[in-house]
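**Q** Read top to bottom, the protein sequences are chains L and Y.
Residues in the first sequence are numbered from 1 upward in steps of one, following my numbering.
Residues in the second sequence are numbered from 1 upward in steps of one, following my numbering.
For the record, the hints were derived by calculation from the structure and aren't laboratory data.
One thing to keep in mind: the hints can contain errors.
Stated by the list, open to error - Chain L is nowhere near these chain Y residues, computed Cβ spacing over 12 Å in every case:
| # | residue |
| --- | --- |
| 1 | 9 |
| 2 | 67 |
| 3 | 84 |
| 4 | 85 |
| 5 | 92 |
| 6 | 102 |
| 7 | 115 |
| 8 | 179 |
| 9 | 210 |
| 10 | 229 |
| 11 | 245 |
| 12 | 250 |
| 13 | 283 |
| 14 | 297 |
Unchecked claim - Think about it this way: if two alpha-carbon atoms lie no more than 25 Å apart in a straight line, the pair counts; the simulated SDA-like pairs of lysine to any residue are:
| # | chain 1 | residue 1 | chain 2 | residue 2 |
| --- | --- | --- | --- | --- |
| 15 | L | 11 | Y | 117 |
| 16 | Y | 133 | L | 79 |
| 17 | Y | 8 | Y | 57 |
Unchecked claim - From chain Y, some residues computed to sit far from chain L (all C-beta separations above 10 Å):
| # | residue |
| --- | --- |
| 18 | 24 |
| 19 | 26 |
| 20 | 52 |
| 21 | 72 |
| 22 | 74 |
| 23 | 95 |
| 24 | 122 |
| 25 | 160 |
| 26 | 193 |
| 27 | 206 |
| 28 | 216 |
| 29 | 275 |
| 30 | 290 |
| 31 | 291 |
| 32 | 295 |
Positions of the beta carbon are idealized from the N, C-alpha and C atoms, including for glycine.
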Amino acid sequence: MFRAIVWMQWKSTRALSLLTTIIAFALPLASLQLGRSAASASGFVAAMQAFGAAYALLAALVGLLVALGAWRPDHSGRHVYALSLPVPRSRYAMFRFGAGLLFLVPTIAALLVGALLVSVSPIPEGLHAFPVALTLRFALASLVAYAIFFAIASSTNRTAGLIIAIFAGIIFSQYLLAVFADGERTVDVLGAVLDFVFVRPGILSVFAGRWMLIDA
Amino acid sequence: MTLAIETKDLRYRAGRSFEVSQLDMHVPRKSVYGFLGPNGSGKTTTMRLLLGLLRAHGGRITVLGEEMPESHTSVLVKTGYVPERPHVYPSLTVSEAIAFHRAFYPTWDQQWADDLQRQFTLEADRRISTLSKGESGKLLMLLALAQRPELLVLDEPTDGLDPVVRRDILAAVLEYVTDCEATVLISSHLVHELERICDWVGVMDKGRLVAEMPMQDFKSGMKRLRVSDAPVAVASAPFTVLSRERGNGTVEHWLVRGWAPPMQGYFESVGASLREVVDLDLEEGFVEMLRASRERES
Chain L
1 MFRAIVWMQW KSTRALSLLT TIIAFALPLA SLQLGRSAAS ASGFVAAMQA
51 FGAAYALLAA LVGLLVALGA WRPDHSGRHV YALSLPVPRS RYAMFRFGAG
101 LLFLVPTIAA LLVGALLVSV SPIPEGLHAF PVALTLRFAL ASLVAYAIFF
151 AIASSTNRTA GLIIAIFAGI IFSQYLLAVF ADGERTVDVL GAVLDFVFVR
201 PGILSVFAGR WMLIDA
Chain Y
1 MTLAIETKDL RYRAGRSFEV SQLDMHVPRK SVYGFLGPNG SGKTTTMRLL
51 LGLLRAHGGR ITVLGEEMPE SHTSVLVKTG YVPERPHVYP SLTVSEAIAF
101 HRAFYPTWDQ QWADDLQRQF TLEADRRIST LSKGESGKLL MLLALAQRPE
151 LLVLDEPTDG LDPVVRRDIL AAVLEYVTDC EATVLISSHL VHELERICDW
201 VGVMDKGRLV AEMPMQDFKS GMKRLRVSDA PVAVASAPFT VLSRERGNGT
251 VEHWLVRGWA PPMQGYFESV GASLREVVDL DLEEGFVEML RASRERES
């Protein structure tokens with residue numbers, strides 16, 4: 001059963017998986033290229049730092065695409081086929097989740113290979129490469145993103161819409177507070193929410209902070 | 001009589017306007033049970049409830065001797081389901097869909113699947129999204145049959161298909177039922193189609209099962225009677241009066257169920273006289289039954 005689901009999911013995910021794998025391989029090499037154009041070691045580190053957000057974004061993107069790919073075939077048939085199969089729903093969802101995990105691997109592996117290639121290239125004296133640490137962090141971040149998007153994607157359109165509406169509501173209420181409150185007593189709702197999810201031990205804290213392939 | 005499907009006081013509500021209520025259904029084992037009803041009467045919903053695809057709001061469902069939806073895994077492995085609309089993944093080819101489906105059914109008969117694929121002239125490399133309605137219908141039937149189910153649940157499997165495809169599909173079902181003594185629950189609003197293949201019939205209207213009986217009784221026991229000097233009350237009649245309509249003068253038209261010729265004596269005993277007994281074909285019977293049921297309700 002699991003093999004059948006992996007294969008099925010591969011059909012709906014392979015093009016996007018290939019794309020993210022190529023990007024993951026190219027990102028470290030592109031950051032090295034930019035770093036080499038810098039005149040000093042600090043310029044090199046700044047170039048690396050500029051690419052940090054790209055790793056975080058790629059991890060989120062991979063998680064999103066694989067999660068959407070996991071449920072797309074079932075959503076298109078309104079889950080009738082999946083529900084009519086003789087397998088417990090929890091196990092079916094676990095199979096779908098597990099198959100998606102497999103499709104995170106090529107992107108993570110491509111990032112590791114790219115990062116390892118960068119780490120064996122000449123870099124300014126006093127700087128160190130952290131290819132394994134960066135890859136592990138990327139793997140964890142993509143896993144977190146995948147798990148969250150998988151849960152959202154598995155739900156009905158109404159539930160997914162509700163979650164998006166809650167986030168939109170937070171942003172909108174922050175906007176209203178900023179417009180109508182006087183400057184000194186503005187309540188930072190959005191900041192509080194972002195702190196809650198991104199600042200350790202927030203659920204998305206793995207995305208926050210510096211993503212450095214090469215650092216002092 | 002052992003039952004393949006039994007429901008007791010089954011209830012389900014979707015939105016404000018639609019509900020299945022107080023549904024007591026009995027599908028005998030090894031029977032071909034025709035599930036009749038107009039569009040929107042609740043046939044598809046009932047089938048989905050029976051298979052655990054929807055969760056009932058009340059009542060009890062037993063399928064193949066097991067409680068649903070608690071035992072849905074063990075029931076579904078013995079059940080072939082053809083839904084109203086094609087449900088298999090459209091990005092797959094025919095052979096891929098078969099391979100995917102096969103992985104879930106330990107009783108899968110690949111030899112028979114190959115035979116059916118040839119018989120239905122389904123090309124292995126065609127994508128499902130490019131199949132015609134008839135080809136999709138054949139593929140769904142292949143998937144349902146090749147798993148060698150004890151129970152086939154077919155939700156309007158021939159709806160919108162041309163007569164040739166319809167005949168192919170029904171022939172495959174009948175062949176399987178004859179060989180394997182499986183139970184079939186088949187819904188349709190094509191009354192004549194069911195008349196040929198079913199031995200039991202259930203009639204659904206507005207979420208209620210308004211009648212359930214052997215097909216033979218349905219065909220032979222439904223009559224329109226022309227009665228003169230009809231009594232006001234018919235409580236003691238040996239048949240069921242579904243509706244009464246005034247005709248000319250003292251004549252009334254009665255739609256009755258469970259009629260047999262020896263019952264003529266009833267009319268003399270109540271001072272009435274029976275002028276005429278009109279046979280109804282299945283479609284007329286079905287329509288009259290629905291009309292009578294709606295009149296009673298209103």
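**Q** Give a verdict on every hint.
**A** Evaluation of the provided hints:
Consistency note on residue 9(Y): stated as away from chain L, and its beta-carbon is indeed over 12 Å from all of that chain's, at 24 Å minimum. Every CB of chain L lies more than 12 Å from the CB of residue 67(Y), the least distance being 15 Å, so the non-interface label holds. With a least CB separation of 9 Å from chain L, residue 84(Y) falls inside the 12 Å interface cut-off, contrary to its annotation. Residue placement check: residue 85(Y) does not keep its beta carbon more than 12 Å from all beta carbons of chain L (closest about 8 Å).
For residue 92(Y), the requirement that its beta carbon stay farther than 12 Å from each beta carbon of chain L is not met, with the minimum near 7 Å. Distance to chain L contradicts residue 102(Y) as a non-interface residue, since its nearest Cβ pair spans about 8 Å, not more than 12 Å. Every C-beta of chain L lies more than 12 Å from that of residue 115(Y), the closest at about 22 Å, which supports listing it as non-interface. The claim that residue 179(Y) is not at the interface with chain L holds, since no C-beta of that chain comes within 12 Å of its own (minimum 22 Å).
No beta-carbon of chain L is positioned within 12 Å of the beta-carbon of residue 210(Y); the least distance is around 27 Å. No beta-carbon of chain L is positioned within 12 Å of the beta-carbon of residue 229(Y); the least distance is around 56 Å. No beta-carbon of chain L is positioned within 12 Å of the beta-carbon of residue 245(Y); the least distance is around 43 Å. No beta-carbon of chain L is positioned within 12 Å of the beta-carbon of residue 250(Y); the least distance is around 56 Å.
For residue 283(Y), the shortest C-beta to C-beta distance to chain L comes to about 30 Å, beyond the 12 Å cut-off, and the non-interface label holds. Every C-beta of chain L lies more than 12 Å from that of residue 297(Y), the closest at about 31 Å, which supports listing it as non-interface. For the hint linking residue 11(L) to residue 117(Y), the alpha-carbon distance of about 23 Å falls within 25 Å, and the restraint holds. A distance of roughly 20 Å separates the Cα atoms of residue 133(Y) and residue 79(L); the hinted pair therefore holds under the 25 Å criterion.
Distance restraint check for residue 8(Y) and residue 57(Y): the Cα-Cα separation of roughly 12 Å lies within the 25 Å cut-off, and the hinted pair is therefore satisfied. Distance check for residue 24(Y) against chain L: the nearest CB is about 24 Å away, which clears 10 Å, and the non-interface claim stands. Distance to chain L confirms residue 26(Y) as a non-interface residue, since its nearest Cβ pair spans about 23 Å, more than 10 Å. Look at residue 52(Y): its CB is around 8 Å from the nearest CB on chain L, not clear of 10 Å, so calling it non-interface is violated.
Not every C-beta of chain L lies more than 10 Å from that of residue 72(Y), the closest at about 8 Å, which undercuts listing it as non-interface. Look at residue 74(Y): its CB is around 7 Å from the nearest CB on chain L, not clear of 10 Å, so calling it non-interface is violated. Look at residue 95(Y): its CB is around 12 Å from the nearest CB on chain L, clear of 10 Å, so calling it non-interface holds up. For residue 122(Y), the condition that its CB be more than 10 Å from all CB atoms of chain L holds, with the nearest at approximately 18 Å.
For residue 160(Y), the condition that its CB be more than 10 Å from all CB atoms of chain L holds, with the nearest at approximately 18 Å. Remark: the non-interface label on residue 193(Y) is consistent with the geometry, its nearest Cβ contact in chain L lying 23 Å away (cut-off 10 Å). For residue 206(Y), the condition that its CB be more than 10 Å from all CB atoms of chain L holds, with the nearest at approximately 24 Å. With a least CB separation of 32 Å from chain L, residue 216(Y) remains clear of the 10 Å interface cut-off, as annotated.
The claim that residue 275(Y) is not at the interface with chain L holds, since no C-beta of that chain comes within 10 Å of its own (minimum 52 Å). Remark: the non-interface label on residue 290(Y) is consistent with the geometry, its nearest Cβ contact in chain L lying 28 Å away (cut-off 10 Å). Every beta carbon of chain L lies more than 10 Å from that of residue 291(Y), the smallest distance being close to 33 Å; the non-interface claim holds. Distance check for residue 295(Y) against chain L: the nearest CB is about 36 Å away, which clears 10 Å, and the non-interface claim stands.
Violated hints, listed in ascending order, are 3, 4, 5, 6, 20, 21, 22; each of the other numbered hints is respected by the structure.
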